[in-house]
Amino acid sequence: MMLEVKGLHKQFGGIHASRDINLVVEKHGVHAIIGPNGAGKTTLIAQLSGALKPDAGRLRFDNTDITHMSRHRRAHAGLVRSFQITSIILPMSVLENVMLAVQSTEGHSYRFWAPVSQDAELKEKAMQSLSEVGLGNRADQMAGEISHGEQRQLEIAMALALKPKLLLLDEPMAGMSKEESANMIELLKQLKGETTILLVEHDMDAVFSLADTTSVLVNGHIIATGSTDEIRNNAEVQKAYLGD
Amino acid sequence: MDWHLLISQLLNGLQLGLLLFLLASGLSLIFGIMDFINLAHGSFYMVGAFVGATVVSLTGSLIIAVVVTMIAMLILGVLVDILIARKLYGQDHLDQVLVTFGLILVFDTLAHIIWGSAGATIPLPDVLNGQIEIATFVMPTYRLLIIVCGLLVALGSYFLVTRSRLGMLIRAGASNRNMVTALGVNIDRLYLIVFAIGAAMAGFAGLLIAPITEASIGMGNEIIIIAFVVVIVGGIGSVKGAFYGAILIGFIDTLGRSYLDDLLKLFLSNQSAETAAPALSAMLVYILMVVVLVFKPEGLFPPSGFNKK
Amino acid sequence: MIGTLSKPSGLVYSTVIVLLLIAPVVISLMEHSFYLDLLTRILILTIAVVSLNLIVGYGGMISLGHAAYLGIGAYSVGIPSYYEVFNGYIHLGLAIGGSALFALVTGIICLRTRGLYFILITLAFTQMLYYTFVSIEEYGADDGLVIYQRSEFGGLLDIENANTLYYAVLVVLLLSLYLMHRLIHARYGKVLFGSKHNDERMQSLGYNTYQYKLSCYVISGTLCGIAGFFLGNFTNYISPEMMDWTHSGELIFMMVIGGTGAVLGPVLGTATFLFLEEFLSSITVYWHLIFGLLLIALVMFGKGGLHGLLSRMDRRWEKSQ
Numbered sequence: 004m005m006l007e008v009k010g011l012h013k014q015f016g017g018i019h020a021s022r023d024i025n026l027v028v029e030k031h032g033v034h035a036i037i038g039p040n041g042a043g044k045t046t047l048i049a050q051l052s053g054a055l056k057p058d059a060g061r062l063r064f065d066n067t068d069i070t071h072m073s074r075h076r077r078a079h080a081g082l083v084r085s086f087q088i089t090s091i092i093l094p095m096s097v098l099e100n101v102m103l104a105v106q107s108t109e110g111h112s113y114r115f116w117a118p119v120s121q122d123a124e125l126k127e128k129a130m131q132s133l134s135e136v137g138l139g140n141r142a143d144q145m146a147g148e149i150s151h152g153e154q155r156q157l158e159i160a161m162a163l164a165l166k167p168k169l170l171l172l173d174e175p176m177a178g179m180s181k182e183e184s185a186n187m188i189e190l191l192k193q194l195k196g197e198t199t200i201l202l203v204e205h206d207m208d209a210v211f212s213l214a215d216t217t218s219v220l221v222n223g224h225i226i227a228t229g230s231t232d233e234i235r236n237n238a239e240v241q242k243a244y245l246g247d
Numbered sequence: 010m011d012w013h014l015l016i017s018q019l020l021n022g023l024q025l026g027l028l029l030f031l032l033a034s035g036l037s038l039i040f041g042i043m044d045f046i047n048l049a050h051g052s053f054y055m056v057g058a059f060v061g062a063t064v065v066s067l068t069g070s071l072i073i074a075v076v077v078t079m080i081a082m083l084i085l086g087v088l089v090d091i092l093i094a095r096k097l098y099g100q101d102h103l104d105q106v107l108v109t110f111g112l113i114l115v116f117d118t119l120a121h122i123i124w125g126s127a128g129a130t131i132p133l134p135d136v137l138n139g140q141i142e143i144a145t146f147v148m149p150t151y152r153l154l155i156i157v158c159g160l161l162v163a164l165g166s167y168f169l170v171t172r173s174r175l176g177m178l179i180r181a182g183a184s185n186r187n188m189v190t191a192l193g194v195n196i197d198r199l200y201l202i203v204f205a206i207g208a209a210m211a212g213f214a215g216l217l218i219a220p221i222t223e224a225s226i227g228m229g230n231e232i233i234i235i236a237f238v239v240v241i242v243g244g245i246g247s248v249k250g251a252f253y254g255a256i257l258i259g260f261i262d263t264l265g266r267s268y269l270d271d272l273l274k275l276f277l278s279n280q281s282a283e284t285a286a287p288a289l290s291a292m293l294v295y296i297l298m299v300v301v302l303v304f305k306p307e308g309l310f311p312p313s314g315f316n317k318k
Numbered sequence: 013m014i015g016t017l018s019k020p021s022g023l024v025y026s027t028v029i030v031l032l033l034i035a036p037v038v039i040s041l042m043e044h045s046f047y048l049d050l051l052t053r054i055l056i057l058t059i060a061v062v063s064l065n066l067i068v069g070y071g072g073m074i075s076l077g078h079a080a081y082l083g084i085g086a087y088s089v090g091i092p093s094y095y096e097v098f099n100g101y102i103h104l105g106l107a108i109g110g111s112a113l114f115a116l117v118t119g120i121i122c123l124r125t126r127g128l129y130f131i132l133i134t135l136a137f138t139q140m141l142y143y144t145f146v147s148i149e150e151y152g153a154d155d156g157l158v159i160y161q162r163s164e165f166g167g168l169l170d171i172e173n174a175n176t177l178y179y180a181v182l183v184v185l186l187l188s189l190y191l192m193h194r195l196i197h198a199r200y201g202k203v204l205f206g207s208k209h210n211d212e213r214m215q216s217l218g219y220n221t222y223q224y225k226l227s228c229y230v231i232s233g234t235l236c237g238i239a240g241f242f243l244g245n246f247t248n249y250i251s252p253e254m255m256d257w258t259h260s261g262e263l264i265f266m267m268v269i270g271g272t273g274a275v276l277g278p279v280l281g282t283a284t285f286l287f288l289e290e291f292l293s294s295i296t297v298y299w300h301l302i303f304g305l306l307l308i309a310l311v312m313f314g315k316g317g318l319h320g321l322l323s324r325m326d327r328r329w330e331k332s333q
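Chains as they are written, first to last, in the numbering used here: chain A, 4 to 247; chain B, 10 to 318; chain C, 13 to 333.
A couple of the hints might just be wrong.
Claimed, not checked - If you anchor each label on the Cβ, the simulated ranges turn out as follows: (1) A/GLY147 with C/THR296: 54 to 62 Å; (2) C/TYR94 with B/ASP271: 26 to 34 Å; (3) A/ASN140 with C/MET42: 54 to 62 Å; (4) C/LEU186 with B/ARG198: 29 to 37 Å; (5) B/LEU272 with C/GLU149: 13 to 21 Å; (6) B/LEU15 with C/THR296: 47 to 55 Å; (7) B/ARG198 with A/ARG63: 49 to 57 Å; (8) B/ALA127 with C/ALA309: 27 to 35 Å; (9) C/ILE120 with A/SER230: 47 to 55 Å; (10) C/TYR94 with B/LYS96: 43 to 51 Å; (11) C/VAL117 with B/LYS96: 34 to 42 Å.
These are calculated hints, taken from the structure and not from any lab test.
Please read these numbers as outputs of a predicted model, since none were measured by experiment.
Idealized CB from N, CA, C, for every residue including glycine.
This is chain A alone, in the form it adopts within the complex (with noise of 0.2 Å):
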């Protein structure tokens, strides 16, 4: 298995934003989970990811117990995330955004004289992952003037650069319009197979037409994990999240 969560909690005030979180993300495919505004969706990711210290519990990630590992580190390992407001370098160039990300894969950065602009091998290792994701002509354009969807497009592109063993994809169709969305379910399925994507997605068309396996999360706990059918007739998600 790619990821098992053993019992996480996390508690900020009198709230419990994570209850006893189990979960197993197999290798391949992908995982989505699912859950109202405000079932601490953001908090799991968080937490996953490493931006934030869990109360208890425990993770593993490929085989490595990574629940004190740094953010960093964890991105090395293979568990890259992306964010659900756009995160990306505004004054670069949507080029010099990924490139940062290739950069990151090759070893420290503490190399103060050779000009970026002028290493071959970093930008065409940069321009794969921006076709990959259909961002190729936009390469030399500053990442704040391109569209909103093409900065999601960008985010994902940054992700991929990593070499991921682990996408974490948070709302990657937040924001965006109706066309936008479809290419990014496009995007995403060509994605599948090539590494394990855990999803967490507020679309439910998005979560029925790519998701292998589907967990919903309310009120900080996961109620239900099963293929996307046994969760469309599960009655307490039903009652707990689709019912109204």
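Knowing the structure of chain A, use the given hints to seat chains B and C on it.
Okay, now just chains B and C, sitting in the frame of chain A:
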């Protein structure tokens, strides 16, 4: 141990602490509510001292001086907020540092132009110039007055913050800025009031200290740094924190200067103790600040409902 | 190269550099040694501002305590000289080692904080250093030390000679400018730039941004320590007052006049600041007022400083071509 010395040092510490509170409470609220680092807050302290000195020399009355200074400082606070500070609330910190640094230069030079380079004294009336004896203990009347005034203002601001509607908004603003806006409050006006009251309190502190140290150019530039230490130690955005923080820093600073060498002599040779003590006592408050920032960055007495960001 | 030279910014910068190179000759012909002093001072402080620009402009770390390194560098000359050790290599070694160590130790702690907290904690450490030197009676406490003899570099350099000192400083400045230019375009600089604008993102990309920032902080402190070494030699007098927080504020002021984050910005900023200071203080004692108003206006209306102005002129020039 010399008990008279200890008591008099404790009172000095309390006096310093209360003056720091007058500066730091406004600074802390401006910091916490407006996300604004105001290096020029010490200039209000200086202007208060000079205005007070001028009014006393014109009218001979300390009471009139207090009233006029307060009004002048409120007006000055309003002007600085409207003309300059308001445009920088919540903006780039580097810009805030630069502009308020520029303000210090402006205020210092204006004081130089208006009051000359020599500084100004405030002569005390005879009633306040004497000493008060309690049992065998003697203390200058005016220092006692500073302590009483400081405590009264502290008490007043306690009631203002905990009991009034304005205070409720201030507390809400300090712990969660967005909430106040969401409540539909006129945020500009709230900021204006906080800034002006802060300026007035700093000016009052300057006026209080002027009879002892005299009003001088740049007098605010050293104490403002200590006031920032108080703000950090007490917890940004908390008046209660500013109070305890200020008293704590006041004691540490005063007692450190008078007793640290004795304390060090327990561990070190006499000579090295005497060399190390003055440096260490001046550094103590900064060391405290660093320790607080590293281990309890929200401060020792953070505003209630403080959210870690 | 010729193309960029004929741009307004290219013209200004190349003129400045040529002027700096020939200045001692011209000044000695005019017999106005005062101007050589002013220029030397400008160059020394430019090195300090270049170092500050590295952490603020590229690393996003606003320090209000950078004057500490000027002090460390200057005392690295003053204290050995007090014991009649005049060896310049020892002085320079102390300046580099001392400031690197101070930057490392304080940086480890400072970088655990952010934003306004970072500004104040850098200030706090400099205050500690300030009071340390104020309290050491042996080294003059408040009054400081007079340096009777400048650092000796065997037969290699004689910086007692004003022209030699000037050129030594100029060479170090040009080297540090070139280093900055290489650094910000290299991998290291890209990581710094990224973490300035989105630290969280950089961590998720696998960068230990804390370490990168810390190393940047140490490089900056060390470079400023070298500036301090020259400052001590130049003024022949050092005191804790060099580390007063208002001097740290002035360094930021110079940086912003030139344009934060522009490689050559510090040259223009420092020169403008010190020339203005010289000029205004000769016509009125109230020159600080003009300075203060200028600073406020600069932030409120003049984004990007002088370098920003030049870039705008460049764009207009390019359109007209």
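Practice task
Starting from the hint list further up, note which numbers the structure goes against and sort them upward.
Solution key: 1, 4
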